[in-house]
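The chain contents come next:
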Amino acid sequence: MHIPANMKRSIKLTGAVLAGASALFLTVNMLNGCRPTTTVTAVTGDAAAKVYVKPGSYDEFYNFVSGGFSGQMGVYGLPSGRLLREIPVFSQDPESGWGYTEESKPMLMTTHGFIPWDDAHHPEMSLTDGSHDGRWVFINGNNTPRVALIDLGTFKTKSIIEIPNSAGNHSSPFTTPNTEYIVAGTRFSIPMGSDAERDVPVDSYKDTFKGTVSFIHPEPESGRLSIAFQIKAPGIDFDLAHSGKGPSDGWMFFSCYNTEKAHSLKEVNASQNDKDFIMAVNWRKAEQYAKEGRGMKVPGRHYSNWWNEETHTAESTIHDEVLQLDPVELGDIVYFMPCPKSPHGCDVNPTGEFIVGSGKLAALVPVFSFAKIQDAIAGKDFEGEYDGIPVLTYESVLHGEVKKPGLGPLHTEFDSKGNAYTSMFVSSEIVKWNVQTLEVLDRIPTYYSIGHLTVPGGDTKTPYDKYVIAYNKITKDRYLPTGPELTQSAQLYSIEGDKMELLLDFPTTGEPHYAQATPADLIRPREVKFYKIEENHHPHVSKGEKETKVERKGNEVHVKMTTIRSHLTPDVIEGIRMGDVVYFHVTNLEQDWDVPHGFAIKGNNNAEMLIMPGETQTLRWEPTHVGVVPMYCTDFCSALHQEMQGYVRVSPAGSSTELKWYTASVDAGS
Amino acid sequence: MIAVSALALLVLLFVPIWRIDLMAPQYPEGLYLQIYADRFAGDTEKINGLNHYIGMAHIKNEMFPEFKFLPKLIVVLSVLGLVAAAWGKRILLFLGLVTLSLFGAWALYDMYKWGYDYGHNLDPKAAIKVEGMAYQPPLIGHKQLLNFDAWSTPDVGGWILFGVMGLLAGVYFLELRDLSRKLAMNRDRT
Chain P
0 MHIPANMKRS
10 IKLTGAVLAG
20 ASALFLTVNM
30 LNGCRPTTTV
40 TAVTGDAAAK
50 VYVKPGSYDE
60 FYNFVSGGFS
70 GQMGVYGLPS
80 GRLLREIPVF
90 SQDPESGWGY
100 TEESKPMLMT
110 THGFIPWDDA
120 HHPEMSLTDG
130 SHDGRWVFIN
140 GNNTPRVALI
150 DLGTFKTKSI
160 IEIPNSAGNH
170 SSPFTTPNTE
180 YIVAGTRFSI
190 PMGSDAERDV
200 PVDSYKDTFK
210 GTVSFIHPEP
220 ESGRLSIAFQ
230 IKAPGIDFDL
240 AHSGKGPSDG
250 WMFFSCYNTE
260 KAHSLKEVNA
270 SQNDKDFIMA
280 VNWRKAEQYA
290 KEGRGMKVPG
300 RHYSNWWNEE
310 THTAESTIHD
320 EVLQLDPVEL
330 GDIVYFMPCP
340 KSPHGCDVNP
350 TGEFIVGSGK
360 LAALVPVFSF
370 AKIQDAIAGK
380 DFEGEYDGIP
390 VLTYESVLHG
400 EVKKPGLGPL
410 HTEFDSKGNA
420 YTSMFVSSEI
430 VKWNVQTLEV
440 LDRIPTYYSI
450 GHLTVPGGDT
460 KTPYDKYVIA
470 YNKITKDRYL
480 PTGPELTQSA
490 QLYSIEGDKM
500 ELLLDFPTTG
510 EPHYAQATPA
520 DLIRPREVKF
530 YKIEENHHPH
540 VSKGEKETKV
550 ERKGNEVHVK
560 MTTIRSHLTP
570 DVIEGIRMGD
580 VVYFHVTNLE
590 QDWDVPHGFA
600 IKGNNNAEML
610 IMPGETQTLR
620 WEPTHVGVVP
630 MYCTDFCSAL
640 HQEMQGYVRV
650 SPAGSSTELK
660 WYTASVDAGS
Chain B
0 MIAVSALALL
10 VLLFVPIWRI
20 DLMAPQYPEG
30 LYLQIYADRF
40 AGDTEKINGL
50 NHYIGMAHIK
60 NEMFPEFKFL
70 PKLIVVLSVL
80 GLVAAAWGKR
90 ILLFLGLVTL
100 SLFGAWALYD
110 MYKWGYDYGH
120 NLDPKAAIKV
130 EGMAYQPPLI
140 GHKQLLNFDA
150 WSTPDVGGWI
160 LFGVMGLLAG
170 VYFLELRDLS
180 RKLAMNRDRT
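Going line by line, the protein sequences match chains P and B. Residue 0 is where the first sequence starts when you use numbering that gives the first Met the number 0, and the numbers rise one by one after that. Residue 0 is where the second sequence starts when you use numbering that gives the first Met the number 0, and the numbers rise one by one after that.
Bear in mind the hints are in silico, worked out from the structure with no lab data behind them. Hints are not guaranteed to be accurate.
[Unchecked claim] Derived pair list, reagent style DMTMM-like, types lysine to aspartate or glutamate, alpha-carbon separation capped at 20 angstroms:
#1 LYS45/B x GLU266/P
#2 LYS260/P x ASP273/P
#3 LYS128/B x GLU400/P
#4 LYS475/P x GLU44/B
#5 LYS475/P x GLU28/B
#6 LYS659/P x GLU484/P
#7 LYS128/B x GLU259/P
#8 LYS403/P x ASP148/B
#9 LYS209/P x GLU384/P
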């Protein structure tokens, strides 16, 4: 075949050009060879052994994790990451009956009425001498301003207090070194006072909006919460807080943003000032002024709800006033420290000397020195005033700045060796740095976009230098997908070596914000296994099957019932009429660990409930149909659990069916 | 050959010419931006969402007025190429090559200018300001922009453009060699 010479040339040419182009293509794509192609990170060989808790063994730490919009608190074991329990706090829980039983309903009462949910952000352990004592854990309700106290003997919410003159309780519930107080700073400032003073145009923000921070006192024996005093503050937003300790014991530090006092498009308008503030409060002095009567009682209606363990019933107390202190008038209890830029986390190192402000929009992390703060206050080294409150000179109170730490610093926890661990939301990493030298030592990616982080005891005098846990805001591809809504994600890292090391991903419920972790040995010895029946002072208790009965009071019917393996007493009830409201007061007669009974009745518009051994709980039921309605135990209790059932006969309204109840005796047969 | 090149240029109207890839730990799947002759494509909305924190302008087609005449320019270049192929004059081939090279150089310069402006002209009201930081995307190759790794590479259209330029240069080179051989032969004859 003859190919003309110029055609041959063309073919050669095309070949050459193609070869050239492919060479170029390859070169450029070789450059791309360094692109990360996957997020599966190198986990070292012994990571599995480090998190493996063999069947029957216990985890070393309890991890109390906020449930965020679930309103509850998750309890996990570390290092396994196993979910042990979800403690009902601010949200109704149809599983346990929390917020559905007559006894627990008052726990969720507020001046807004019954609020069956919240947005729970920050667990904080009770402290003795600046260290975890394993007694209580607190958590804040960000939405309807509240603080809850959970007893770690029973893992049950024992107290909930509403915060008056607050519009969102974010800056909470941080604890003083001996749990004298837990704080509550309002996330939103608002107009306060009379109706006329509150009903103002929103654009009058700068003149009319004010903030408060409250100091809540937990009564040491009962755990009952009350507001000791409230400090008036300028109309800015309070974000987080941490207590001083050691030399700084007696002080509380709050991060503040929106010093611009913007009221709209805060994303931009509250991000303009180069520096906002950390507010330093001398609470010891404030406490003294409060005792000396230098505060003023102001309107501040609020609920204080408390779980009485003797009656197994919540009690609500309503207070109309709150004691307020005016820092401008008192002069020496509140100081502002300039802090770049919209600080989020406000964390105090274990020695109590350094305060770390994490400006979420700042390109550095400032560290303040408590000694310098004291000097600046003594020498009146102020760079100005903000709404009558002295502003300390930034350079005078600064220990130093961590340069180029990462992007979007949010929160800092500490180990006992002088290192700090800061979460970086934007650059999605944990950065380890030395508190004294401010030198960045290590950084490790988180998957993805870390928010809070926790070192066990990492905000106390005694951190346990073993792990740092990342609580991430974005999950993406880390787990099997579950539709548009994915699981939430936490990650466990070892901090035992010089370099941080990723050990484990574990899913969490709700959205995890802050968390606390504490050695299991601090809590395990306190565990209550069951409630003693002889100490049960519930008004409707039946301390034996002989005490059970059914009583009619108009259209209210009270059933005093008992449960024991494997029957209800009574298990046959007749004489209930349409239009009745029936209260089942169920006492669990068991006196052994891990024998709860459940109680449920068909078609209940309410919920079921679980009754712990020795406890009495009440479920309300309004019959909806005439006929025989089954009831049964929902918690698999024994080999004859399925037989643990009974019947309620419902007759038409006004019928004359005789009220009677029984459980057949063994002799009588069926 | 020239005709094929000229027609290949028309493909540029339909395929992406350039692409910018962005990688960050929290974007394991990556974000990308493609530049067509007449529009942007890819994750522009996600990129805009991220960039507004640091005050970068929103990427939208209106910010690149070139999109209005770029397709026309490509058609003109292609027609010029076809004319050159039909006419068969070497000088036209040369002009075509020069025009195309100028076009390529201008396009790169224009993209650089846009990138510079995009990366430096930041909203003074931005929430996050990092001192001394600009966010100009790389013209070609890799660059670290805060937490993002950015790669800028030619896309299909870019490769076609390079290919066409290579091909034309090759043809021109062969034509020149032909010419010199012919001249040499003529010289030998005399």
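Hints, verified against the model:
As the CA atoms of LYS45/B and GLU266/P are separated by approximately 18 angstroms, the hinted pair is consistent with the 20 angstroms bound. For the hint linking LYS260/P to ASP273/P, the alpha-carbon distance of about 14 angstroms falls within 20 angstroms, and the restraint holds. Between LYS128/B and GLU400/P the alpha-carbon distance is near 17 angstroms, which keeps this suggested pair within the 20 angstroms criterion. A distance of roughly 18 angstroms separates the Cα atoms of LYS475/P and GLU44/B; the hinted pair therefore holds under the 20 angstroms criterion.
For the suggested pair LYS475/P and GLU28/B, the alpha carbons sit about 10 angstroms apart, so the restraint of at most 20 angstroms is met. Proposed proximity of LYS659/P and GLU484/P is contradicted: the alpha carbons are some 51 angstroms apart, above 20 angstroms. At roughly 17 angstroms between alpha-carbon atoms, LYS128/B and GLU259/P fall within 20 angstroms of each other, so this suggested pair holds. Of the pairs offered as hints, the one joining LYS403/P and ASP148/B holds, with about 17 angstroms between alpha carbons and a cut-off of 20 angstroms not exceeded.
Of the pairs offered as hints, the one joining LYS209/P and GLU384/P holds, with about 16 angstroms between alpha carbons and a cut-off of 20 angstroms not exceeded.
Hint compliance for this structure: hint 6 is the single one not met.
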